[in-house]
Each structure stands twice: as structure tokens, then as C-alpha cells.
Amino acid sequence: MRAFVFTDKALERYAGQFVWLAIDTENGTNAAFLKKYPINVWPTLLIVDPKKESVALRYSGGATVPQLKKLLADGTKLMHGKQSAADEALSRADGLETAGKHAEAAIAYEAAFAAAPKDWSRSGRAAESLVFALALAHDQARCAARAAELYPRVKGTYSAANVAATGLGCAGDLKEDDPHRAPLLDTLEKASRETLDDAKIPLSGDDRSGLYETLIGTRASMKDEAGATTLRQEWATFLEAEAAKGKTAEQRAVYDPHRLGAYIALKQPEKAIPMLEQSEKDFPTDYNPPARLASAYKAMGRYDDALAANGRALQRAYGPRKIGILRNRSDLYALKGDKNTARKTMEEALQYAESLPAEQRSEALLASLRKKIATM
Amino acid sequence: MKKLAIALLLALSPALALAKEVLPFIDNDYGRALKMARTKNVPLFVDAWAPW
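Order-wise, the sequence lines are chains E and A.
Quick note on my numbering: the first sequence kicks off at 227 and runs consecutively.
Quick note on my numbering: the second sequence kicks off at 164 and runs consecutively.
The set of hints was computed from the structure by calculation and includes no laboratory data.
Built from N, CA and C at the ideal position, the CB exists for glycine as well.
Errors might be hidden in some of the hints.
To be verified - Covered by chain E, according to a simulated footprint, are these stretches of chain A (three or more residues, beta-carbon under 8 Å):
(1) 190 to 199
(2) 204 to 213
To be verified - Restricting the straight-line Cα-Cα distance to at most 30 Å, the calculated cross-link-like pairs of lysine-lysine (DSS-like) are:
(3) E/Lys327 x E/Lys308
(4) E/Lys235 x E/Lys261
(5) A/Lys203 x E/Lys278
(6) E/Lys416 x E/Lys381
(7) E/Lys471 x E/Lys507
(8) E/Lys277 x A/Lys203
(9) A/Lys198 x E/Lys303
(10) E/Lys261 x A/Lys198
(11) E/Lys381 x A/Lys198
(12) E/Lys507 x E/Lys565
(13) E/Lys277 x E/Lys327
(14) E/Lys507 x E/Lys562
(15) E/Lys296 x A/Lys203
(16) A/Lys203 x E/Lys295
(17) E/Lys261 x E/Lys327
(18) E/Lys296 x E/Lys235
(19) E/Lys235 x A/Lys198
(20) E/Lys449 x E/Lys473
(21) E/Lys597 x E/Lys327
(22) E/Lys296 x E/Lys278
(23) E/Lys449 x A/Lys203
(24) E/Lys598 x A/Lys198
(25) E/Lys295 x E/Lys473
(26) E/Lys493 x E/Lys565
(27) E/Lys401 x E/Lys449
(28) E/Lys471 x A/Lys203
(29) E/Lys597 x E/Lys261
(30) E/Lys471 x E/Lys497
(31) A/Lys198 x E/Lys426
(32) E/Lys507 x A/Lys198
(33) A/Lys198 x E/Lys449
(34) E/Lys278 x A/Lys198
(35) E/Lys235 x E/Lys449
(36) E/Lys308 x A/Lys203
(37) A/Lys203 x E/Lys261
(38) E/Lys471 x A/Lys198
(39) A/Lys198 x E/Lys308
Turn these sequences into a full structure, and let the hints steer you where they fit.
Next comes the structure, spelled out in C-alpha cells:
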């Protein structure tokens, strides 16, 4: 959003209508904010009533300029206008989701739908939020089923991408002997493809890339390797065209991680090197380009180059992401046969993870690091 | 497209130190932003993001 949305002059007229706050969730100074407003989806957009310090609106995921304009209008109305029963339920659901109560939030989103008129203007956002809350509550069966039911209601709108793709991901997570799995996969795969192909929907390139990722994952999970490869090639071509349209280095670099993923999946990691070297020049303080270069070199078997790039990333990294960079470094030493340094580096990752503020610390991650060290 | 916590490695936005934002964002200071919103009597918009 920083590359494409917050730089759009169409938003200038909103500058004085809100106070604008950017929270880097990796930055330890935001621990108190994260305790009050836990974030588990990036980005998450909030509109907060400053007097009550309560969330009037929560939107999980990125937004295009038209989407953001609608969210801003909605948030203002929800704070100041008279609310319908459906709107009140939606605000309550957003509050529960903010508190990390995903199952309860899903019930409240359902209540909003039950109270809403057929032409409810917030049905798209509510459908996205409901399906996503169900996914986060690990209720994959209901997530997939509700996505399939709600898709016709959001078809042809930007909410269709999140409803179809999140639902498809949930359907793929159902047990293979679940009788609902195959029909839900079929319905939601078609819905995702239909949304991807609908050029009239004002989706961001990022959204369309996400649809490709989900569709590829679905084909791969069905052991349709030929279908997955065809889609990966289509995805890479799409991403190259989107990156070429970028008017700034930031806009081009948005597609770096997507392209890296596509090239590695296509077993062509060398294709990622020139763009990542360019990004490292364009953003010399950003840890992402060298971290991604390390992944590309690793996939090419160039472990010494990967370690050098990983070292540059490590110098610039901070917050929880630094743990992943240290883990990658440990893996690289292991691949080189240096078991002793691999173990020491993994211990360093654990030590660093334990030093993070509670809000940035993941017990599951700590457990997995300890388990890994025990085997080294 | 939304991303779950488990999808960290596929996350999207790079740190954009050079981005020219048209909106006057306050960086990483909730207390200051909250106070300003109360004083101006306007809602607080929050973009919770990560640099990966």
C-alpha cells in the first residue's frame, strides 16, 4: 500500500479528516500498541475512535485506493452516524477480531448478515471478514462452506478475491476423505479463477498474485504437477509484466518476493538475481533484498554467496524477522557440512527470539527452535 | 490479498524509505497520534504493517 496507495494524490483530501498512524509491527517500541491491538494479518487497517480507544472498523489485508476510500467513509459513518443493527454487529465483530477472539467474531459477523438488508453496502467487507475469522479460528469446514455460499454475493467485486481464495485455502486443508472437500475445491477453484480473469474488478497486482498462489497450491495439493507448472509460468509472466509497469523502484520491488517464489518453484532461481541486486542498490538499508538473494543463491547451490548475502541481511534486520534470517543462516551452514556452526547459529536464533518483547514472541516458534536444536 | 502469520515468508511489502506518501503519517507513536486525534476530534487511522 505504501508503494501504490498512500502515494496516490486522490487521497490528499482525506489528509485532515483523520490522524494517520503507521505501526511497524516488527519494531519493539510498538509492544504496548500490539498488546492492545494484536495483529496477525499484514497489513491490518484500523479506524479507532480516539475518545473510547475502541476499534470502529478493522480490515485485514491491503486495499486499493477505491477500497480505502470506502473504508474511510464507512469508518467515519460508523463512529458518528446512527448505526443499523447490522452495522452494530459488524463493529462488534471487528472488535472481537481485534481482541483475537476469532470464533466469537465469526458468530458476530454471522449476526450482522442475519440483521442486514439484501442490499447492505457492507456485505463485501463482512463476507471477507467472516471467512477470514473462520480460517483463523481453524474452522476450515465452515470457512470453505461459507465462502462458497457467499461468493455469488460478492462475485465481480474486489471482495471476491479474498472470499474465494481464503475459502479455497480452507477447502484444501480439509481431510482428503471429507465428502465435502472435492465439491468445495471445485466450486472455489472456479470462483478464484473467474475472479483472477475478470479484468473489470479493480484488484491490485498483489491481489491477483495471491490468487495465482492459491490456485497453484490447489493444483499441487491435487498432485497435478503439470497444471501447477503451467500456472507457475503464467504467474511469472504476469508478475514480470506488473513489475515492468512500476513507475518507481518501490512499485517494481513490491513484486520481488512474488517473483522469487515463482522462479524458485519453476527451478529458475537465477532469474531472480538481477532484480534483487537492483533492489539492494535501490534500498541499501532494507534487509529484504539481501535476505531474498540468500534464498535465490541457496536454491542455486551457491552456499558461500548465500551466506554473504544472509550476513548483509542480518546486519540490517530487526524484530521477529531476524529469527528467520538466523535460521536460514543455520541451514546454510548445515548444507555446507559445518554442523557445529549450524547449531551455534540456531542457538543464537533461540536466544534472540527469547529476548523479544512478549507481544513479538511466539511460544510455538520458541518450541520449534528448541526442538530443532535438540536434533542438531 | 490477506496473509496469515504462518505465511510470513511470502509476505509482500518491502521497507520503503523513499515512499512519497500524500498522507501525513506519524510513525510508531500511538500515544502521540491518539492525543492528536483527540485534540482534533477526528478518527485515528492505523496502518499496521511489517517491512517484509
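Do the hints match the structure? See the list:
no.: 1; hint: 190 to 199; verdict: holds (count 7)
no.: 2; hint: 204 to 213; verdict: holds (count 9)
no.: 3; hint: E/Lys327 x E/Lys308; verdict: 26 Å, holds
no.: 4; hint: E/Lys235 x E/Lys261; verdict: 33 Å, violated
no.: 5; hint: A/Lys203 x E/Lys278; verdict: 15 Å, holds
no.: 6; hint: E/Lys416 x E/Lys381; verdict: 12 Å, holds
no.: 7; hint: E/Lys471 x E/Lys507; verdict: 20 Å, holds
no.: 8; hint: E/Lys277 x A/Lys203; verdict: 11 Å, holds
no.: 9; hint: A/Lys198 x E/Lys303; verdict: 21 Å, holds
no.: 10; hint: E/Lys261 x A/Lys198; verdict: 19 Å, holds
no.: 11; hint: E/Lys381 x A/Lys198; verdict: 41 Å, violated
no.: 12; hint: E/Lys507 x E/Lys565; verdict: 33 Å, violated
no.: 13; hint: E/Lys277 x E/Lys327; verdict: 23 Å, holds
no.: 14; hint: E/Lys507 x E/Lys562; verdict: 28 Å, holds
no.: 15; hint: E/Lys296 x A/Lys203; verdict: 22 Å, holds
no.: 16; hint: A/Lys203 x E/Lys295; verdict: 21 Å, holds
no.: 17; hint: E/Lys261 x E/Lys327; verdict: 14 Å, holds
no.: 18; hint: E/Lys296 x E/Lys235; verdict: 16 Å, holds
no.: 19; hint: E/Lys235 x A/Lys198; verdict: 26 Å, holds
no.: 20; hint: E/Lys449 x E/Lys473; verdict: 39 Å, violated
no.: 21; hint: E/Lys597 x E/Lys327; verdict: 29 Å, holds
no.: 22; hint: E/Lys296 x E/Lys278; verdict: 23 Å, holds
no.: 23; hint: E/Lys449 x A/Lys203; verdict: 57 Å, violated
no.: 24; hint: E/Lys598 x A/Lys198; verdict: 45 Å, violated
no.: 25; hint: E/Lys295 x E/Lys473; verdict: 22 Å, holds
no.: 26; hint: E/Lys493 x E/Lys565; verdict: 27 Å, holds
no.: 27; hint: E/Lys401 x E/Lys449; verdict: 15 Å, holds
no.: 28; hint: E/Lys471 x A/Lys203; verdict: 39 Å, violated
no.: 29; hint: E/Lys597 x E/Lys261; verdict: 27 Å, holds
no.: 30; hint: E/Lys471 x E/Lys497; verdict: 18 Å, holds
no.: 31; hint: A/Lys198 x E/Lys426; verdict: 42 Å, violated
no.: 32; hint: E/Lys507 x A/Lys198; verdict: 38 Å, violated
no.: 33; hint: A/Lys198 x E/Lys449; verdict: 55 Å, violated
no.: 34; hint: E/Lys278 x A/Lys198; verdict: 12 Å, holds
no.: 35; hint: E/Lys235 x E/Lys449; verdict: 46 Å, violated
no.: 36; hint: E/Lys308 x A/Lys203; verdict: 22 Å, holds
no.: 37; hint: A/Lys203 x E/Lys261; verdict: 25 Å, holds
no.: 38; hint: E/Lys471 x A/Lys198; verdict: 40 Å, violated
no.: 39; hint: A/Lys198 x E/Lys308; verdict: 25 Å, holds
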